[in-house]
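*Asks:* Position chains B and C relative to chain A; hints supplied.
For the record, the sequence lines run as chains A, B and C.
The working numbering numbers the first residue of the first sequence as 71 and each following residue consecutively.
The working numbering numbers the first residue of the second sequence as 4 and each following residue consecutively.
The working numbering numbers the first residue of the third sequence as -16 and each following residue consecutively.
Treat each hint with caution, since some may be false.
27 Å max Cα-Cα, derived DSS-like pairs, lysine-lysine [said to hold, decoys possible]: (1) C/LYS523 - A/LYS286; (2) C/LYS332 - C/LYS463; (3) A/LYS244 - A/LYS258; (4) A/LYS73 - A/LYS148; (5) C/LYS334 - C/LYS287; (6) A/LYS281 - C/LYS(-14); (7) B/LYS32 - C/LYS442; (8) C/LYS326 - C/LYS287; (9) A/LYS281 - C/LYS523; (10) A/LYS97 - A/LYS258; (11) A/LYS73 - A/LYS263; (12) C/LYS523 - A/LYS326; (13) C/LYS442 - C/LYS463; (14) A/LYS286 - C/LYS442; (15) C/LYS(-14) - C/LYS25; (16) C/LYS420 - C/LYS398; (17) A/LYS323 - A/LYS244; (18) A/LYS323 - C/LYS332; (19) A/LYS323 - C/LYS523; (20) B/LYS38 - C/LYS442; (21) C/LYS524 - A/LYS326; (22) A/LYS326 - A/LYS286.
Taking beta-carbon pairs under 7 Å as the criterion, some of the chain A residues facing chain B (in silico) [as the list claims (entries may be wrong)]: (23) TYR144; (24) ARG221; (25) GLN225; (26) THR339; (27) ASP343; (28) ALA349; (29) SER350; (30) GLY353; (31) ILE356; (32) ASP357; (33) THR359; (34) GLU365; (35) LEU374; (36) ARG389; (37) VAL393.
Estimated spans, in silico, between C-beta atoms of each pair [unchecked claim]: (38) B/GLY132 - A/PRO372: 39 to 49 Å; (39) C/ASP251 - A/ASP360: 34 to 44 Å; (40) A/GLY321 - B/GLU7: 44 to 54 Å.
To be clear, the hints were calculated from the coordinates, so they are not data collected in a lab.
Because the structure is a prediction, the values reported are computed rather than measured.
Glycine included, C-beta positions come from ideal geometry on N, C-alpha and C.
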Amino acid sequence: MPKPKLGLYWAASCGGCEIAVLDTELKVLEIADFFDIVFWPCAMDFKYDDVRALADGEITLTLFNGAIRSSENYEMAKLLRAKSTVLCAFGSCAADGCIPGLANFTSLEAITRYVYDDSPSTVNPEHVRPQPVWDVPEGTLRLPQLWNTVRTLTQVVDVDYVIPGCPPQPDQIKAVVDAVVDILKNGKPLPPKGTVLGANPRACCEECPRKRDVKKIRAFVRPHELIPDPEICLLEQGLICMGPATRGGCGAKCVKAGVPCRGCYGPPTGVHDQGAKMASAIGGVIDSTDPEEIERIIAGIPDLVGTFYRFSLPGSTLRRRQV
Amino acid sequence: MSFEPNLVGFLCNWCSYTGADLAGTARVKYPPNLKVIRVMCSGRVDPNFILDALARGADGVLVCGCHPGDCHYVEGNYKCQRRLPITRMLVGEMGIDPRRVRLEWVSASEGVRFGEVVSEFTEEIRSLGPLALQEWAFDPAAADAQLAHQGGEHA
Amino acid sequence: MPKVNITVDGRPIEVEEGSYVLQAAEALGIDIPTLCFFKYVKPYAACRICVVEARDKRGRTRMVTACNYPASEGIEILTRTPRVMAARRLNLEMLMSRCASMPVLTALAGKLGIDQPRWGTGTDTCILCGLCVRVCDEIVGAQALGFASRGIDRFVTTPFEVDSDACILCGACAALCPTGHIRMEEAGGRDVVHSEITLGPNAAIAVPFRQAVPNAPRIDPDFCVHFRTGGCKVCAAVCPKECISHDDVERFEDLEVGTVVLATGYQDFDPTPMKQYGYGRLPNVITSMEFERMNNAAGSTGGKILMENGKEPGAIAILHCIGSRDQNAHPYCSRVCCMYALKFAHLVKEKTSAEVYQLYIDLRAFGKGYEEFFHRILEEGVNVIRGKGAEIVRGGKEYPEGTLLVRCEDTLAAKFREIPVDMVVLCTALEANHDAKDVARRFGISVGADGWFIERHPKLGPVSTTTDGVFLAGVCQSPKDIPDAVAQGSGAAAQAMSLMIRGEVEMDGAYAVIDDEVCSGCRLCNDLCPYSAIGFDETKKTSSVNPALCKACGTCAAGCPSGAIRALHFADEQIYAEIEGILS
Chain A
71 MPKPKLGLYW AASCGGCEIA VLDTELKVLE IADFFDIVFW PCAMDFKYDD VRALADGEIT
131 LTLFNGAIRS SENYEMAKLL RAKSTVLCAF GSCAADGCIP GLANFTSLEA ITRYVYDDSP
191 STVNPEHVRP QPVWDVPEGT LRLPQLWNTV RTLTQVVDVD YVIPGCPPQP DQIKAVVDAV
251 VDILKNGKPL PPKGTVLGAN PRACCEECPR KRDVKKIRAF VRPHELIPDP EICLLEQGLI
311 CMGPATRGGC GAKCVKAGVP CRGCYGPPTG VHDQGAKMAS AIGGVIDSTD PEEIERIIAG
371 IPDLVGTFYR FSLPGSTLRR RQV
Chain B
4 MSFEPNLVGF LCNWCSYTGA DLAGTARVKY PPNLKVIRVM CSGRVDPNFI LDALARGADG
64 VLVCGCHPGD CHYVEGNYKC QRRLPITRML VGEMGIDPRR VRLEWVSASE GVRFGEVVSE
124 FTEEIRSLGP LALQEWAFDP AAADAQLAHQ GGEHA
Chain C
-16 MPKVNITVDG RPIEVEEGSY VLQAAEALGI DIPTLCFFKY VKPYAACRIC VVEARDKRGR
44 TRMVTACNYP ASEGIEILTR TPRVMAARRL NLEMLMSRCA SMPVLTALAG KLGIDQPRWG
104 TGTDTCILCG LCVRVCDEIV GAQALGFASR GIDRFVTTPF EVDSDACILC GACAALCPTG
164 HIRMEEAGGR DVVHSEITLG PNAAIAVPFR QAVPNAPRID PDFCVHFRTG GCKVCAAVCP
224 KECISHDDVE RFEDLEVGTV VLATGYQDFD PTPMKQYGYG RLPNVITSME FERMNNAAGS
284 TGGKILMENG KEPGAIAILH CIGSRDQNAH PYCSRVCCMY ALKFAHLVKE KTSAEVYQLY
344 IDLRAFGKGY EEFFHRILEE GVNVIRGKGA EIVRGGKEYP EGTLLVRCED TLAAKFREIP
404 VDMVVLCTAL EANHDAKDVA RRFGISVGAD GWFIERHPKL GPVSTTTDGV FLAGVCQSPK
464 DIPDAVAQGS GAAAQAMSLM IRGEVEMDGA YAVIDDEVCS GCRLCNDLCP YSAIGFDETK
524 KTSSVNPALC KACGTCAAGC PSGAIRALHF ADEQIYAEIE GILS
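This is chain A alone, in the form it adopts within the complex (with noise of 0.2 Å):
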C-alpha cells in the first residue's frame, strides 16, 4: 500500500503553528514515516508547480495554517483544496483569523501608508509602494497582492476539519496524528465534516484549576494594575479573561501561569461570535442598577473590540471594522 500523502501549507501566519508541529517532538519521526509528505514549504523545499503537478484529491491530508489576506494565500487554499481529499484548517488564523485577522480593525490602505510612509524608521521621500506587477528588461515581475479585509480559510474555501489553538498545543496534535493514524490504518469511519478535532468541546474554565463563585463584577482591572490571587477566577478579581467563551484544549496554560485567557482556541461549541458571547456574559454578571454606573463599569473594559475579538475577528458576525 503506498503511503498516504500530507500536505503541511502557512498563509498569512506567524509561523508558530510550523513549530507546534515539529514540538510534537519524536511523533514528527513518526509522521515522516506514516506519510508520504508531499509538500510543507517551512521545512522542506517543495514548489507549488509540485502541488499543481499532482491529481486532485491526491494528498490525502493537508494541514493548512494561516488566515488569507493575499492573492497568493487565496490561490494555494483553492489549489491545496482541489488536490486535497481532506483540507484541515490548522491553527487559530485559518480557523477565525487570529492576529493577522487584526487587520480588519482598519483598512489596506492605512495599514500601507504606515509601513511605507508614517512608521518612525521608514524613509521613503519617493512614496514608493510595492507592485503587484512590475515589467523590467528581464521580464515581468509579479508579487501577491494584499487584500484590505483578512478571511478566514472557511470563507473562502470548503474545510474538512478545524484544529483550533495559537497554536495548536503538540500534546493535542499529536492525538489527532493518532487518530488520523488509526482511520488510515484501521478503516475507522471518518468524523463528521466540520469537527473540531484536537480541543475540547466545553469551554477553557474546564481545564482552569482556579476556584470559581458567582460572579458580581462591580469594576474591571488591567493585569498590570492587580497581583492577582492565585486561587480564586481571574475574572471574579475584575480581569477580562476570556476563558469562559474560548475553546478549552490548551489546558488553560496562561490562566495557570496568572495571565488571563485571551481567547485563542476560538468560541467554544454552539457559539458563533466569541466577542459578543463574552459581552453578553459580562453584562449580565455587572453588579449595577444604576445606567451612569453601568457606563462607567463598561467603559473600564480596556480596548473591548481588541480584547474580545483578538483571535476571531474575521471569523465574527460582523468581521471587520467599519472604515
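*Replies:* Relative to the frame of chain A, chains B and C by itself:
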C-alpha cells in the same frame, strides 16, 4: 424613492410585545419599518442576535423591555440594561453608529408610546441612512478576477 | 389549697380553706347584701351590711363580715338570724344617717324594713365604701384616689385635693361607685372621651363594628387600662373561656401558598383638590361613601339622612362623575356611580320628603334590571338633569341660611341652571390603590396607566395574570359593580381551586437546559437566575437548571459564554431563523 430603513425589534413578551399589541388594537399609527421578534424577556436578547441582524442587513435594532423594576422575571431587564451598553460600545468600535442599536422601556399599557418610539427610531435611522457593511461577504468572482489580472499563478 | 366543709344556713358545701364565706353563700344561691364588695378587688368590709353569724366547732358564735371571713373546717354560717338582721339594719341606719337619699341605700332599707333611720338622714352622697380607691389602686394601678382626714371628716379625694395627672380618666371608679358619688367630667382641657370618636362603640374592648369579620371583640390599646398602667386585665378574669390575651402583638406571618387571588380593591377619589365643589369647605357637601355610611342603620345617624345641623334636608343634589370621565382627574368611567346615585335618590325619596336632583353626563344603566330601576326613579319624581355639576357655591341673602347653589348646564334644555339645595352628594371616582404598583411588583404582574392590575388577556384571560397561580378579582383589576366583582371573584377562586385540586403543577415545556457535555463550570450563569433555578454541582464542576423553578426567561441562555445553555423555546436557532426570515 426615499430610503426605507429595515429595522428589527426584539420585544419582551410581557410588556413591550403586549404594548405593541395594544398599539395595534388602539389603532395607533406608526411606520411599518420595524419587524418584530418576540422574546420572553429582554434579558433573552443576546448581543449575538443584534450583531446577526446587522450583519444580515438590518439598518437598526430596537430592543424593548419592561420598565426597570417591572420585569415579569424580576430582573431580566436589568441584564438587558447592562448588556445593551456593552453591545452599543462594541458596535461603535466596529465602526457602526451606536445609534443604530437602541434600548427602550415600553410597558404593556404604553401602546401610544410604542408607536412614538418606533416612529422616532425609524426617523433616526432614516437620517443615518442605510447600513451597508463593507466587504462582509466574500466575493470569489472578484478574488478570481484579481488573480487573473495579476497574470495567473504565483511561483 | 386544701378543701374544708362548712355549712351556710344549714346547707353543707365544700370550699377552699381560706376562701370567703360570701362566695360560698353565693355558690349556694344564698343572698347576702353588700355595698362595698367587688369580686376583683380585695374585700374591705367597709359597709358591714354583709354581717353574718359564724359558729365554730366548739359552738362559739361570732358576728363577722361575710365578705372577708375565711372559711375553716366545720364552721356554720347563719345569714338570716334575728341577730344578723338587726345588725344589718343598724349598720344601714348608720349609713343613712350620712347619706339617706341614695337609691342603693333606700332600696336596701326597703328590703330590711327600715321606715325611718333613727339617727337622721344625711345629705352626703359617699358611703366611704372605698371601692373607688381600691379599684384605682389594685386594678387600674393609677393610685389616683385615696382617703383624706379621719372620723366623720373622712372623704375620698385625689392627692392634695387637686386635679391630678395620675388619673388616667379610665372611669373605673365612676363605674363601680355604688351611689353615683363619682362622676366623669371634662376639665382642665382633658377629654373624657377619646377625641377620635369612632362610629362604632368605643369601649376598650369591643367588636369594631357590626358585620366585622371576624365578628369578635378586639382590645383597643389606646383605651385599654392595661396598656396604659399594666394593671386591670379584669376582662381576662371575667371571660369563662379564657379567650382574652393581652400579650398578643401584631405579627407578620409567612404563609406558604400555591395560588393567590388578588382582591385588593380600590381607594376613593379625594375630591378636596377640586375646589369648585367645595368639599371640606362648604357644609353638607359629602362624598357618596359618607352618604352611604349615613344611610347605614348602624352608622353615625342611625340611618337617617340629616344635615350637619341635625335637620332633614329639603333638597339634595347628587353629582355624578366627580373625578371620573374627567381629563383633569381620571379619564375612565368608574362604572358603578350611575346606579348607586339612582339608589341614593330612591333612598332619599323613601326616607325623606326632599327634592332630589341627579346631575349626570350620560346615564349608564347597562346591567340587568338597571334600566327598569332608572324608570322607577323617574316615576318617583326624581329630577334628572343631563349636565355635569360644574360648581357649588353658598346661596346669597335671598336664600335661607345654609343653602347651596349647584351650577350646571342643562344640556337637554340648553340652558344654564343654578339649583338651590341643602345637601350635595359627590359621586367620587373609584381609583387604584396608591400602592397598587408595589403589590403588582411583588407578584410579578403589571399595572396599566390608570393603576389597575392588567389581566393576562382582556378577552381570553380576564381573571388570570401573567404570573401563573396569581388571579385577579374585583375592582383591583378595573372598576366594576358587586355582581361583576362576585362573578370575577368566583372565577378567580375556581381557577385557583382547579390548580390546587390537581395538587401538582403542570410545567411549561419551556425551560432552559444546560448541556453537561459543554458546560465548563465557569458559573457566570449562577447569579443570573432570579428564581435560583441554576445550581452548581461541586463534584461534576458543572451548573444545571432545575426545570421546576425555571420560568424560561432565557437570560441564562443569552448569558452563557460557552453556548452550553439552551432555551427549549425561543431557542437560538429559532431566533436566528426568524432574523434570517425577516431580513431576507
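*Asks:* Compare the structure with each hint and give your call.
*Replies:* Structure-based check of all given hints:
no., hint, verdict
1, C/LYS523 - A/LYS286, "23 Å, holds"
2, C/LYS332 - C/LYS463, "26 Å, holds"
3, A/LYS244 - A/LYS258, "18 Å, holds"
4, A/LYS73 - A/LYS148, "24 Å, holds"
5, C/LYS334 - C/LYS287, "7 Å, holds"
6, A/LYS281 - C/LYS(-14), "77 Å, violated"
7, B/LYS32 - C/LYS442, "23 Å, holds"
8, C/LYS326 - C/LYS287, "15 Å, holds"
9, A/LYS281 - C/LYS523, "14 Å, holds"
10, A/LYS97 - A/LYS258, "21 Å, holds"
11, A/LYS73 - A/LYS263, "23 Å, holds"
12, C/LYS523 - A/LYS326, "21 Å, holds"
13, C/LYS442 - C/LYS463, "16 Å, holds"
14, A/LYS286 - C/LYS442, "43 Å, violated"
15, C/LYS(-14) - C/LYS25, "21 Å, holds"
16, C/LYS420 - C/LYS398, "44 Å, violated"
17, A/LYS323 - A/LYS244, "18 Å, holds"
18, A/LYS323 - C/LYS332, "93 Å, violated"
19, A/LYS323 - C/LYS523, "22 Å, holds"
20, B/LYS38 - C/LYS442, "26 Å, holds"
21, C/LYS524 - A/LYS326, "18 Å, holds"
22, A/LYS326 - A/LYS286, "22 Å, holds"
23, TYR144, "5 Å, holds"
24, ARG221, "6 Å, holds"
25, GLN225, "5 Å, holds"
26, THR339, "15 Å, violated"
27, ASP343, "5 Å, holds"
28, ALA349, "4 Å, holds"
29, SER350, "5 Å, holds"
30, GLY353, "3 Å, holds"
31, ILE356, "5 Å, holds"
32, ASP357, "9 Å, violated"
33, THR359, "5 Å, holds"
34, GLU365, "6 Å, holds"
35, LEU374, "6 Å, holds"
36, ARG389, "6 Å, holds"
37, VAL393, "6 Å, holds"
38, B/GLY132 - A/PRO372: 39 to 49 Å, "32 Å, violated"
39, C/ASP251 - A/ASP360: 34 to 44 Å, "37 Å, holds"
40, A/GLY321 - B/GLU7: 44 to 54 Å, "53 Å, holds"
The earlier numbered hints that this structure contradicts are 6, 14, 16, 18, 26, 32, 38.
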